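If you read the protein sequences in the order shown, they are chains A and B. Reminder that position 149 of the first sequence reads as 149 in the numbering used here, one-by-one numbering, no gaps. To convert, take the position in the second sequence, counting from 1, and add 1000; that gives the numbering used here.
Here are the computed lysine to aspartate or glutamate pairs in the DMTMM-like style, where the Cα-Cα straight-line distance is at most 25 Å:
1. A/194 - B/1352
2. B/1029 - B/1314
3. B/1152 - A/16
4. A/194 - B/1363
5. B/1152 - A/30
6. B/1128 - B/1028
7. B/1154 - A/16
8. B/1152 - A/19
9. A/194 - B/1346
10. B/1154 - A/33
11. A/46 - B/1185
12. B/1152 - A/21
13. B/1128 - B/1027
14. A/51 - B/1249
15. B/1154 - A/50
16. A/47 - B/1185
17. B/1157 - A/50
18. A/198 - B/1352
19. B/1154 - A/55
20. B/1154 - A/30
21. A/194 - B/1348
22. A/51 - B/1185
23. B/1152 - A/50
24. A/194 - B/1341
25. B/1154 - A/21
26. A/51 - B/1079
27. B/1157 - A/55
28. A/47 - A/33
29. B/1157 - A/21
30. A/253 - A/203
31. A/264 - B/1363
32. A/47 - A/5
33. A/253 - B/1363
34. B/1319 - B/1309
35. B/1152 - B/1218
36. A/194 - A/284
37. B/1048 - B/1283
38. A/46 - A/186
Worth flagging that the hints you see were computed from the coordinates, not collected in a lab. Keep in mind it's a predicted model, so treat the numbers as computed, not measured.
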Amino acid sequence: MPLIEYRDALNQAFAEEIENDPNVFLIGEEVAEYDGAYKVTRGLWKKYGDKRLIDAPISEAGFIGLAVGASMLGLRPVVELMFWSFCTVAYDQIINNAGCIRYMSGGLINCPIVIRGPANGGTNVGATHSHTPENWLANIPGLKVVSAATGYDAKGLMKTAIRDNDPVMFMENTLLYGEKSEVPEEEYFIPLGKADIKREGSDITFIAHGRAALTALEAAERLDEDHGIQAEVVDLRSIRPLDEEAIYRSVSKTHRVVLVDENKPFCGVSAQIATMIQENIFDELDAPIRRVCTIDAPAIYSPSIEKNQLPTAERIIEKALGIL
Amino acid sequence: MTQTTADPEVSPVDYAKAEINASLTKEDKIRFLRQICAIRNFERIALKYYNEGKMGGFLHLYIGQEAVAVGTCSLMGEDDHVITAYRDHGHALAVGMSMKECMAELFGKATGCSKGKGGSMHFFAPDKNYWGGHGIVAGQTPLGLGIAFALKYKGLKGCCMTFLGDGAVNQGVFHESLNLAALWDLPVIYIIENNRYSMGTSIERSSAYKDCLAQRADAYGIVWDVANGEDLYEVRAKTAVAIDRAHRESRPTVLEVDTYRHYGHSVADAKHKGGYRSAEEIEKYKQSHDPLVIWRRRLIEEGILTEEEADEIDKETRKEAMEAVKFADESPAPSMDSIQEDVYYEVDRQTEAGRTGRHFFND
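Assemble the whole structure, with the sequences as input and the hints as a guide.
Listed below in structure tokens is the structure:
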């Protein structure tokens, strides 16, 4: 299987879906002639031209609203936010229009749109560019939220997201765009709402999404090496819909769980998971649920410090050892 | 740029002679009167039952502005679309939605056009090219742009008439939309229904402008015009030019239509009379600038119908509104189960995607 970068796995998904459906087009800042601010769309404009790759001016509310309107008429826009942090200026379009149009029309109008881009801290660009809005967006019934940790997952999830008939908010990560993974040459899809067991284990469960799943994996390997402890890593991949069965299955096996989340702790994705575990499989727990989130403050700039504001393997190991 | 001034006291051009109006049949003209009467009576009756506690939320009445929706929507072809803001009853009825489905929506019933999920501000009928009904001021302006974009993308010769109020011109997203419309040659027509007040704030207190609001289009190189909204002929004549521009050149237009609402911003607006605007001003518009009175008089003057026939149309539409009330009142409320329907397409249809993972999180 070819080993390719995360960004190129996404790129393949776009190319395949552009070829599959004439209604699919990509729009966003610098997606076409510039090849994408993070080169995710490189080569596509040259290959597919102005109609399918559209450079938009810096008007996130305008072009996201345009994409929502176009999707109402049956087009399938894939909108790039250069940073998911910039969704704040388009929030009305995302929440009220993409999120509510189907409901408020009594199901008469659909919004098959994908909004995508990087949603991560850790790149020393300050608080305004480092938001992880998956929890904000998953709070809106009507929206779907996806977060991919690997290129393989990103491609399969993106293809599914583009064909989905509901609005999908797709979270990527600038720290992962250059990471390589094996991606098959034949076509494949990964359903939304299916978690992936990134590592099997019997002693403790780590539940995470996006890059935090990789941090959890690192912690699991070190726990194994240093303590002989076997941690299972559940990568949610999709936040809404959510694979609750995978969560319950793993926790019922290990009876201990640490939730790892690059969200801030207050009402983060992990807060929802913790509630569900407590409500549904309380008796399976042999220890309190623990969480490792981004330290609760706006993203600090200082390069030497910011990486430790995010969940680290050390913090995960510390929390895990505290309940083992 | 086209520049005309609309002085409500003087209408220098007889727009009845415009090509688009000269071809109207007697039946067309009577149909317009019937539509104006229908909107007027629908809302009068709705107000009565709002005050009796039959509906919740807001009720933004369109009374006084009817010639705008009726005139513009009368020009819609197969690929022409409409989207508007929260004062949406008039447009809904003008595109052909039934009083029953609209009244039932106001009553919050399962038989409403949005199954009781949208309410007054959120009427929709995509089968009639009517895309709502939007509650957030100017939030619909890029949606209309997107509809125009999709028409062009699909190679269809159509347009999207995107209505907004005078208050919406100060929202950023409207300006983003104007820029994109001009930049990408999109067949969108922004129709500013200028009723002079954004809730309790007059245009003089909310908008910086020289001659009119539409003039802002100059900044984007978009053609603009101003129409007198009490004259259905003028509304049609000027809208037809914009539609033609959209169809033939795929170029946008900003059309400002001077109009006036007889009632408050919403029914809950206690200060509209004698507060932010004088009782005399309201009376002046009701007496001298009421589009219903003006159109009715016009048809009688043209010898198209008699006073008695006009009264009959009024009576019939009033009766229709009362029947709509009966229908709405007797209709069932939505079920508790329906609260979680129409959220996700895939869940409603129980597709494989809809059956995978958990979509709702109640407990």
